[in-house]
Amino acid sequence: MKSVIIYSTNSCMYCRMAKDFFKDNKVEYTEKDVYMDENARNEMIKMTGQSGVPVIKIGEEIVIGFDKATIKELLGL
Amino acid sequence: MEIYDTTIIGFGPAGFTAALYAGRFEMKTMVIGLEFGGYTAKAGIIHNYPGVKKADGYELAKTMKEQAEEAGAKFYDGEVVEIEKKDNNFILKTKDSKTFYSKTVILATGSERRKMGLPREKELENKGIHYCVTCDGPVYVGKDIAVVGGGNAGVSAVLLASEYARKIYLLAAGEALTAEPLNVDRVKGMKEKVEILYKTQVKEFLGKERLTGLLLSREFNGSDELKIDGLFVEIGSLPANKLAKDLGIELNDRGYVKSDTSMKTNISGAFVAGDLCDVFGSFKQNITAAASGALAANSSYYYLRDLNK
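For the protein sequence lines, the chains are A and B, in the order given.
78 is the number of the first residue of the first sequence in my numbering; add one for each residue after it.
339 is the number of the first residue of the second sequence in my numbering; add one for each residue after it.
A couple of the hints might just be wrong.
Computed list of lysine to any residue pairs in SDA-like fashion (alpha-carbon distance at most 20 Å, straight line) [stated by the list, open to error]: (1) A:149 / B:416; (2) B:366 / B:580; (3) A:96 / B:373; (4) B:481 / A:98; (5) B:460 / A:125; (6) A:79 / A:112; (7) B:481 / A:117; (8) B:580 / B:401; (9) B:460 / A:96.
Think of the hints as simulated: they come from the structure by calculation, not from any bench.
Based on the provided sequences and hints, a complete structural model is requested.
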């Protein structure tokens, strides 16, 4: 299984939807809270050139927003 | 061919409540939607839903969906792109080429966020311009931001953003804020953090790669340029009425579906619920959405019962 990192905020519903989706599909993920963690925030902005969450890194691919179809495809679900 | 008694379009509180009631009426019920929870899920903490003192909007929407599922409603994640009525049945087609057949439909497609319509708005989206403060507000921790909109959405956004931002400029087009008085008082009480700029509009977005400021329609502190790190646009919404139009449903002059408290439309078997309907005027709340969903399911049930007599 590819590594999955989600850059998120606690209050963001799309982040919560993404995390619920990973849990439902038994996908392990690492969460980086861009509110609490300044390094994660800067890393996300540098990596994507934008400030919207969630950003989901699957292997080396980056998905901006909770794009379920793309995430399913990248994870082979 | 599987035919549903009712198919509800929309995953917000109106659609979920309609599904709960339709399920409890033992109607064969399908719910199709794309945007889970609608504005309820994005609202952050909700203080005015009876029976729940402080509801987390996302959790409230999840519970509504679970309740409807337990009542027997089926759910399909997808976008309805075509709808027509043929031989007393409605035929719905989704973007991923699924077809659903239904004796009645309940349109609970809600509304879409209104954008500012200024040049470069799309280009700077998520690069300083945002439309969801619950999502992206925390990214601006310790930063200076502006919120456009002096109504309920704008004032609520300021209250949410005040937990993160250093300074907030609230830009209101009118001479007063038009939000709930309780929230207006709370915002006005944050004098250290919140600056309210009345009769002020954005003329232009400043910044190359990212938004760095706004050109204002009137001067503030001796300048018409306001330096900010982020902008949250909260200027209301427009009815998501495409499917209603495709069915030939009558709309009012603002594009909302004409109805009365039966939630019937001018097309027999087609009902409306939630923000799309004009029954509650501009008063669009979780409770009005839920109430209209219940009414639409009730009307749909009696419509089918009368049809089968």
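So, going through the hints one by one against the coordinates:
1. A:149 / B:416: Satisfied, since the Cα-Cα distance of roughly 15 Å is no more than 20 Å.
2. B:366 / B:580: With a Cα-Cα distance of about 25 Å, the restraint between residue 366 of chain B and residue 580 of chain B is violated, given a limit of 20 Å.
3. A:96 / B:373: Holds, at roughly 16 Å.
4. B:481 / A:98: Violated, at about 31 Å.
5. B:460 / A:125: The hint holds at about 16 Å.
6. A:79 / A:112: violated, 25 Å
7. B:481 / A:117: holds, 16 Å
8. B:580 / B:401: violated, 28 Å
9. B:460 / A:96: violated, 27 Å
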